[in-house]
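There are 2 protein chains.
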Amino acid sequence: MLDTKQEKKITPEIKKQLVSIVGEKWYLDSPNELYAYSYDATPIFQSMPEAVIMPANTQEVSALLKIANEHRIPIIPRGSGTNLAASTIPVCGGIVLNMNRFNQIYEIDQKNLTVTVGPGVVTADLHKAVEAVGLFYPPDPGSMRISTVGGNLAQCAGGMRGLKYGVTKDYVMGLEYVLPSGEVLRCGGKNVKDVAGYDMTRLLVGSEGTLAVITEITLKLLPLPETKRTLVAYFTNLVDAARTVEKVIASKIIPATMEFLDQGTMKVVDDFAKLGLPLDMKSMLLIEQDGPEDLVVRDIGKIAEIAREQGAAQVQVAQTMEEGAKLLAARRAALSALSRLKPTTILEDATVPRSRLAEIVEDIERIAEKYQVQICTFGHAGDGNLHPTCLTDERNREEIRRVEQAFEEIFQAALRLGGTITGEHGVGMAKMNYLHLKVGDGGIELMKRIKEAFDPNNIMNPGKLFTNSQRRRLVVKQ
Amino acid sequence: MLDTKQEKKITPEIKKQLVSIVGEKWYLDSPNELYAYSYDATPIFQSMPEAVIMPANTQEVSALLKIANEHRIPIIPRGSGTNLAASTIPVCGGIVLNMNRFNQIYEIDQKNLTVTVGPGVVTADLHKAVEAVGLFYPPDPGSMRISTVGGNLAQCAGGMRGLKYGVTKDYVMGLEYVLPSGEVLRCGGKNVKDVAGYDMTRLLVGSEGTLAVITEITLKLLPLPETKRTLVAYFTNLVDAARTVEKVIASKIIPATMEFLDQGTMKVVDDFAKLGLPLDMKSMLLIEQDGPEDLVVRDIGKIAEIAREQGAAQVQVAQTMEEGAKLLAARRAALSALSRLKPTTILEDATVPRSRLAEIVEDIERIAEKYQVQICTFGHAGDGNLHPTCLTDERNREEIRRVEQAFEEIFQAALRLGGTITGEHGVGMAKMNYLHLKVGDGGIELMKRIKEAFDPNNIMNPGKLFTNSQRRRLVVKQ
Chain E
20 MLDTKQEKKI TPEIKKQLVS IVGEKWYLDS PNELYAYSYD ATPIFQSMPE AVIMPANTQE
80 VSALLKIANE HRIPIIPRGS GTNLAASTIP VCGGIVLNMN RFNQIYEIDQ KNLTVTVGPG
140 VVTADLHKAV EAVGLFYPPD PGSMRISTVG GNLAQCAGGM RGLKYGVTKD YVMGLEYVLP
200 SGEVLRCGGK NVKDVAGYDM TRLLVGSEGT LAVITEITLK LLPLPETKRT LVAYFTNLVD
260 AARTVEKVIA SKIIPATMEF LDQGTMKVVD DFAKLGLPLD MKSMLLIEQD GPEDLVVRDI
320 GKIAEIAREQ GAAQVQVAQT MEEGAKLLAA RRAALSALSR LKPTTILEDA TVPRSRLAEI
380 VEDIERIAEK YQVQICTFGH AGDGNLHPTC LTDERNREEI RRVEQAFEEI FQAALRLGGT
440 ITGEHGVGMA KMNYLHLKVG DGGIELMKRI KEAFDPNNIM NPGKLFTNSQ RRRLVVKQ
Chain F
20 MLDTKQEKKI TPEIKKQLVS IVGEKWYLDS PNELYAYSYD ATPIFQSMPE AVIMPANTQE
80 VSALLKIANE HRIPIIPRGS GTNLAASTIP VCGGIVLNMN RFNQIYEIDQ KNLTVTVGPG
140 VVTADLHKAV EAVGLFYPPD PGSMRISTVG GNLAQCAGGM RGLKYGVTKD YVMGLEYVLP
200 SGEVLRCGGK NVKDVAGYDM TRLLVGSEGT LAVITEITLK LLPLPETKRT LVAYFTNLVD
260 AARTVEKVIA SKIIPATMEF LDQGTMKVVD DFAKLGLPLD MKSMLLIEQD GPEDLVVRDI
320 GKIAEIAREQ GAAQVQVAQT MEEGAKLLAA RRAALSALSR LKPTTILEDA TVPRSRLAEI
380 VEDIERIAEK YQVQICTFGH AGDGNLHPTC LTDERNREEI RRVEQAFEEI FQAALRLGGT
440 ITGEHGVGMA KMNYLHLKVG DGGIELMKRI KEAFDPNNIM NPGKLFTNSQ RRRLVVKQ
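Going down the list, the sequences are from chains E and F. As numbered in the numbering used here, residues 20 to 497 make up the first sequence, in order. As numbered in the numbering used here, residues 20 to 497 make up the second sequence, in order.
Among the clues, some could well be false.
It does not matter which identical chain is used: a pair holds within one copy or between any two.
[Said to hold, decoys possible] Each computed DSS-like pair below joins lysine-lysine, with the alpha-carbon atoms no more than 27 angstroms apart:
#: 1; residue 1: K467; residue 2: K147
#: 2; residue 1: K293; residue 2: K361
#: 3; residue 1: K271; residue 2: K147
#: 4; residue 1: K321; residue 2: K239
#: 5; residue 1: K293; residue 2: K247
#: 6; residue 1: K361; residue 2: K247
#: 7; residue 1: K321; residue 2: K130
#: 8; residue 1: K27; residue 2: K85
#: 9; residue 1: K239; residue 2: K266
#: 10; residue 1: K247; residue 2: K266
#: 11; residue 1: K130; residue 2: K301
#: 12; residue 1: K293; residue 2: K130
#: 13; residue 1: K147; residue 2: K266
#: 14; residue 1: K27; residue 2: K44
#: 15; residue 1: K286; residue 2: K389
#: 16; residue 1: K130; residue 2: K266
#: 17; residue 1: K130; residue 2: K247
None of these hints come from the bench; they were simulated from the model.
Same shape as in the complex, but just chain E:
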């Protein structure tokens, strides 16, 4: 059941003003439409907006924000809602600002290696467009076939190539954005070097829609690597896999991708994708290197050698790029595969410095055992970003409580190892009770003051990142 006790703020008069900006067609407020925007890809969280508005351009966004700011109406910018941190739940009601009409690729600049897009462009479409001219946009979040570039920026999305290529923030060069006041600003541009004032670009990336609405994005591109090759290694325990990751890096090889799957995930993925994985193994690594042919062959050869030295029971090199792509597609399907098993799938995002991988994997196993919850672990081993995933049922309140306790202990373990509470998903509502563990109460106070500098009336995605005055447990609306 939804919480319907939100104070309504959009009077018929205000609605008339808002409609006059975007037109009837792009102002949605039927119960069905509102319901569709009451949740995102995060399980459990849900709350109804008052309206969903789909602006066509920056001027419309500016006009809408002015009105919302005047009347203190919450604005929740949203792309495809694939985030896993409940960052786009309209928890204080208000307006969901659907940015999907900003779906154009304005320019691929082959001289400066940049691409300029609207925030509504789908990530995979961007990949396809730039790869068609031999260029490369590395960030590849799990949801890339559905997610939008604007959403990727809001969350600072990562993906499988973080180790070698970094994450979304490493590719954002310039932005146009709208403040709650309606003011339209620009920061950065196409310049590789630019130190004119504070780095607003990087501050807006990962701010989860709490500071401003991003309306145009200029991204850095790289030349598309000539080729790539994939290797898979199976291990009879967890530690050998983790040590292989360490040794590869220590030998000064930085692969494009190093994915880890534990036995539980292997079983589920194999059942889903029929790969014939050796399911008696305790873990596997999926490693891809890209670059010039000879270098890739050399690196993959060395990696195979290291994996064997570290006790891999089997090491296989994919014979073709297609075979490699198939293996990685199976890994990408892990969440879908896992989510078939139980009504509720909670995908977490604990992250550690990569040298602590073995320890965190063991901690997760121990904690799952302690709380008697089912957790499969997979993720981006190369950058220490793991996704312990709990298969549960949100209707079972007692089990959900144990799940929450288990995750809290997992976050504590990650932090003890020098890690963080979220590597690539964000804080949103899902992690806001844990943020103080990473950045401290002083860090939170400072962030709140920065938010106030952008958004004095707190209309931008309120109820995210920061808890209210008192620290509290997750409130599950149902």
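Since chain E is already given, all that's left is putting chain F on it; use the hints.
The following block gives chain F in isolation, referenced to the frame of chain E:
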């Protein structure tokens, strides 16, 4: 002559408190000592501090800031003062906080490819230490033999490898910092992925000491490239050199370094370093590629071909790494060489998207001619970051006025081409009259509000980045 009319704020009582924190030895306020800290590497600007304090650790910084904050005493954090934006001039008096005692490399973490240092470590010492274990810290600002890592962060220093490797901000993973209130905070860490709240790390980098004092720095490292090779190409005009840069990038080769020198700079550098350059040429490019041997050979071969196709009169490949290093050292000496010629050398930092290189070089020539000032241009062609350098004499007020007009027109030209007013030097006092041209008045207002969130009493390096209420021309204190 120095401005000595500053209001004194350090009473004998306050001095006693400050001395009790660091000890007599590290509190300097003799006239000679104060004079030594009244200027930095930027020509023309000068102003006296009230005291120079050299804290030993974070606790001392915290205690000092608390007192300064209470009594509204300006704090100017400073490394070696090699910045070229007048960012460390104590223009409002107060305390220069010399961070040179924070000069330790705490840890080189070969498993996580990070290094953790105090802000007082000299950049070149950091290079040497990490290269000794086969690792690589790419940012290499011109002043790297003197500059400190803390200063590099404050200015977001660049260097010759920006095109392929990015700049300082791309390598900062974690910080410890002290707010004006004395509160000690941490952000980031060793995690490749970390999205727990706003990206404070990137906000502090490039903030020129106006937000907080950085007391510990964790940097990302890369494997040291196996080898490198250098190529030099000479051109009978400017446009062919610029076009060569464009074509190299368009052919999907990203060299580590692509340096441009115009004829004026070539002459001066040749006279300084006795290289036997062909001085009838109008411009030269110095291009270095690094990486695995075969790849480097292949890339350098292709680049030579492209340079010839674009009309290079001569193309030479250095036969050894030493020969290449000698050429690059000569380029690094450009500023020193130029500064021998006239009493005052103003090194500017106009930057454009690299595809506009030919246009900005031509604009600079035209503008120098128009104002009858002597400008030599060199810089990082690969990332569009040029250093038009004016040879002048600050005692000649009339000429300095023309120089200022010329530079203002150069900035306007850069902005018209989609560029920026400063690529890697920063704003400080030198560019604060131009910042609004790049980020707009709205952008400046927002940045001021962010500063207030960190520093409500405006004690952190006041008088930098932002002009006071009224826009004004440079005030040269003399």
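Original post:
Quick one: K27 to K85, C-alpha cut-off 27 angstroms, is that within a copy, between copies, both, or neither?
Top reply: Close inside one copy (18 angstroms), not across copies (46 angstroms); limit 27 angstroms.
**OP:** Indicate which option fits the pair K321, K130 if close means a Cα-Cα distance not exceeding 27 angstroms: within, between, both or neither.
**Re:** Intra 35 angstroms, inter 17 angstroms, cutoff 27 angstroms: inter-copy only.
Subject >> K130 and K301: within-copy, between-copy, both or neither at 27 angstroms Cα >> reply: Between. Shortest inter-copy distance 24 angstroms satisfies the 27 angstroms Cα cut-off; intra-copy 48 angstroms does not.
Original post:
Are the CA atoms of K239 and K266 at most 27 angstroms apart within a copy, between copies, both, or neither?
Top reply: Between copies only: 18 angstroms across, 31 angstroms inside.
Original post:
How would you classify K130 and K247 at a CA-CA limit of 27 angstroms: within, between, both, or neither?
Top reply: both (25 angstroms within a copy, 24 angstroms between copies)
Original post:
When no copy is named, should K130 and K266 be tagged within, between, both, or neither for a Cα gap of at most 27 angstroms?
Top reply: Classified as between; 8 angstroms across copies, 38 angstroms inside a copy.
Subject >> Within, between, both or neither, where K293 and K130 count as close if Cα-Cα is 27 angstroms or less >> reply: Cα proximity of K293 and K130: none, with 44 angstroms in one copy and 35 angstroms across.
Original post:
At most 27 angstroms between C-alpha atoms: does K271 with K147 qualify within a copy, between copies, both, or neither?
Top reply: Result: close only across copies, 17 angstroms inter versus 31 angstroms intra.
Original post:
For K467 vs K147, is the C-alpha pair at or below 27 angstroms within one copy, between two copies, both, or neither?
Top reply: Answer is neither: 38 angstroms inside a copy and 40 angstroms across each miss the 27 angstroms cutoff.
Original post:
Using 27 angstroms as the alpha-carbon threshold, which applies to K293 and K247: within, between, both, or neither?
Top reply: Classified as within; 23 angstroms inside a copy, 46 angstroms across copies.
Subject >> Intra- versus inter-copy proximity for K266 and K247 (alpha-carbon distance at most 27 angstroms) >> reply: Close inside one copy (21 angstroms) and across copies (25 angstroms); limit 27 angstroms.
**OP:** State whether the alpha carbon distance between K27 and K44 is at most 27 angstroms within one copy, between copies, both, or neither.
**Re:** within (22 angstroms within a copy, 65 angstroms between copies)
The structure fails hints 1, 6, 12 (numbered hints given earlier, in ascending order).
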